[in-house]
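J.: Residues per chain are reported as follows:
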Amino acid sequence: MMMTDALEAVLVREAKIRATNSLFIFWDLLYPLGYLLVFGIGVNASLGFTSGLAGVDYNAFFLAGVLGMASFGIASNTSWSFFLDRDNGIFYEMLTYPMRRSEYLLGKVLFNELVGLVQALLTLVLAAALLHVPVRFDRLPLLIAATLVGTAGWFFFYAIFALRIRRNDAFNTVTSVFYFVFLFASSMFYPLDPLPRAFRIAALANPITWQIDVLRYATIGVGDTLSITIEAAAFVVFTAVSFAVAIHALTDTG
Amino acid sequence: MSTPAIVVQNLVKTFDVRRRPIRAVDDLTFSVHRGSIFGLLGPNGAGKTTTLRIMTTLARPSGGSVEVFGYDVVKAPLEVRRRIGVVIQEQAADLLLSVRDNLLTFARFHGRAGPAVRTRAGEVMAQFGIEDVADRKVQDLSGGIRRRVQMAKMFMVDVPIVFLDEFSSGMDAILKRSVMDMLRAQAASGRTIVLTTQILTEAEELCDDILIINHGRRVAHGSLPALKQLVGRLHEVTITFDRVPDALPAIVAGYAAERVTVQHNTVQLQLRDEEPRVLELVLALARHGRIQHLEIAGASLEDVFVQLTQQPEAQR
Chain D
1 MMMTDALEAV LVREAKIRAT NSLFIFWDLL YPLGYLLVFG IGVNASLGFT
51 SGLAGVDYNA FFLAGVLGMA SFGIASNTSW SFFLDRDNGI FYEMLTYPMR
101 RSEYLLGKVL FNELVGLVQA LLTLVLAAAL LHVPVRFDRL PLLIAATLVG
151 TAGWFFFYAI FALRIRRNDA FNTVTSVFYF VFLFASSMFY PLDPLPRAFR
201 IAALANPITW QIDVLRYATI GVGDTLSITI EAAAFVVFTA VSFAVAIHAL
251 TDTG
Chain L
1001 MSTPAIVVQN LVKTFDVRRR PIRAVDDLTF SVHRGSIFGL LGPNGAGKTT
1051 TLRIMTTLAR PSGGSVEVFG YDVVKAPLEV RRRIGVVIQE QAADLLLSVR
1101 DNLLTFARFH GRAGPAVRTR AGEVMAQFGI EDVADRKVQD LSGGIRRRVQ
1151 MAKMFMVDVP IVFLDEFSSG MDAILKRSVM DMLRAQAASG RTIVLTTQIL
1201 TEAEELCDDI LIINHGRRVA HGSLPALKQL VGRLHEVTIT FDRVPDALPA
1251 IVAGYAAERV TVQHNTVQLQ LRDEEPRVLE LVLALARHGR IQHLEIAGAS
1301 LEDVFVQLTQ QPEAQR
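Taken in order, these protein sequences are the chains called D and L. For the first sequence, this note's numbering begins at 1 and goes up steadily by one. For the second sequence, this note's numbering begins at 1001 and goes up steadily by one.
Don't read these hints as lab results, they were simulated from the structure. Just so you know, these numbers come straight off a predicted model, no measurement behind them. For glycine and all other residues, C-beta sits at the position ideal for the given N, C-alpha and C. A hint or two may mislead.
[Unchecked claim] To list a few chain L residues with every Cβ distance to chain D over 10 Å, as calculated:
(1) R1018
(2) T1057
(3) A1116
(4) K1137
(5) L1206
(6) K1228
(7) L1248
(8) H1288
(9) L1308
[Said to hold, decoys possible] Now the stretches of chain L that chain D is said to cover, found in silico as 3 or more residues with beta-carbon under 8 Å:
(10) 1072 to 1084
(11) 1118 to 1132
Build the full structure now, drawing on both the sequences and the hints.
T.: Below is the structure:
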């Protein structure tokens, strides 16, 4: 069997499973926009918060944060499916199917890449139309790449823990801690420059900051090309390393 | 003679339990012939499932080698997976998918899709009596039906080897009988079946070749008659009398009876003796009481199993 057959099989399986819950897909597609509308407008209007960047209001600044949060959320949800598969017993049976461990991981993320992409494009269009965010549609290819690599990178990262941790409640704790640490110690909600030095260093070492900075550059054009290139390269390395470690974790599962 | 379907050589698997290495499989060597039904038996914790997990590429061996159709499970796991179907011990099904989609998805993983596969799914569902629930999600069905779905998948593709780990758990007697018939037919058509089971009558009925292991080591290997030879001339004699003879204890005392039980008018004896001696005992008893019913059987696989797994290694 060719690699594409195995990938297709995992993709079709994931799509069929997700298609059984249309409400979930609906929410998956619209929740970043919901976040932007509720949190973004709330902060923008009630606190009069500005991003600290010339000519950029909070809605425009937060758009990239919302897109990064969406990647992170999809990855976290997808990694949960390992627990679901394990609870159903199908996880171990699937590992005896004619596919490589890498195909299993890639196939699992592929469907969610599609959801992530539709979600990002929807959010982008509606942010421009409803909130008048000055979206740089000319940088759409970069946004697509950042969304795809971001979703995959975070999924592989989460997969390492989902495959190593056997208890649902333990994994739940890990994801809660990750949500708190990764999202708040990053450039998702606020610019890093005014932050205390230690906080800023932690945020700069955080891969979600790298992804969001690239997304911000792609959506509203903020950031200098050199530092964005370095951050993009760092995130690609983070994704590749996470992928390799996740495959190792999957191989070790037996 | 064709090459074996599976060749296991000096297989070792160790686990670290609280920093102490435990040998779950300890220098195991055996082979499985193509088209045979091979039973891997042993008490709980003997290493059966670990051995099965290594043969099916779910676990990596710590030492030794396993080849499935000539492919090494470590060096060429994908080639091995292309040739195997596995029913694991736990119930395994995609709960959010329908029964039909479970079968079609499994087939797709084996590179099979299209109208012919849908037709095949219909046939298999009819064989397993699950066609009425074809479009219902598996999560809404009983454990027994889920097990049927799990087994039915193995009949969707023509992989040459099927591994079954405690395949009959959760099956009612009628389904079990039907599946056993199907397995025999599969083996007759050249498919190799490897199974583990705790239900020894199943192994006795199905298996051409049996390997008994304990503490990860080989205890005995061979056909059922060959294994029975290992425990000597053991006979199970069941006699129902009009009235149990008063002289029973005195008569039986002259024979090598390992167990004597009397329940109402029925006497059960386990004798380790030559056949003429067994018949002699029956005749002696018949002189003291009227026999209504008589059964004489050789040792069961259970007798063999218990004796071989409980006796010290030095005596085997």
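J.: Against the structure, test the hints numbered earlier, and report the numbers of the ones violated in rising order.
T.: 2, 4 and 11
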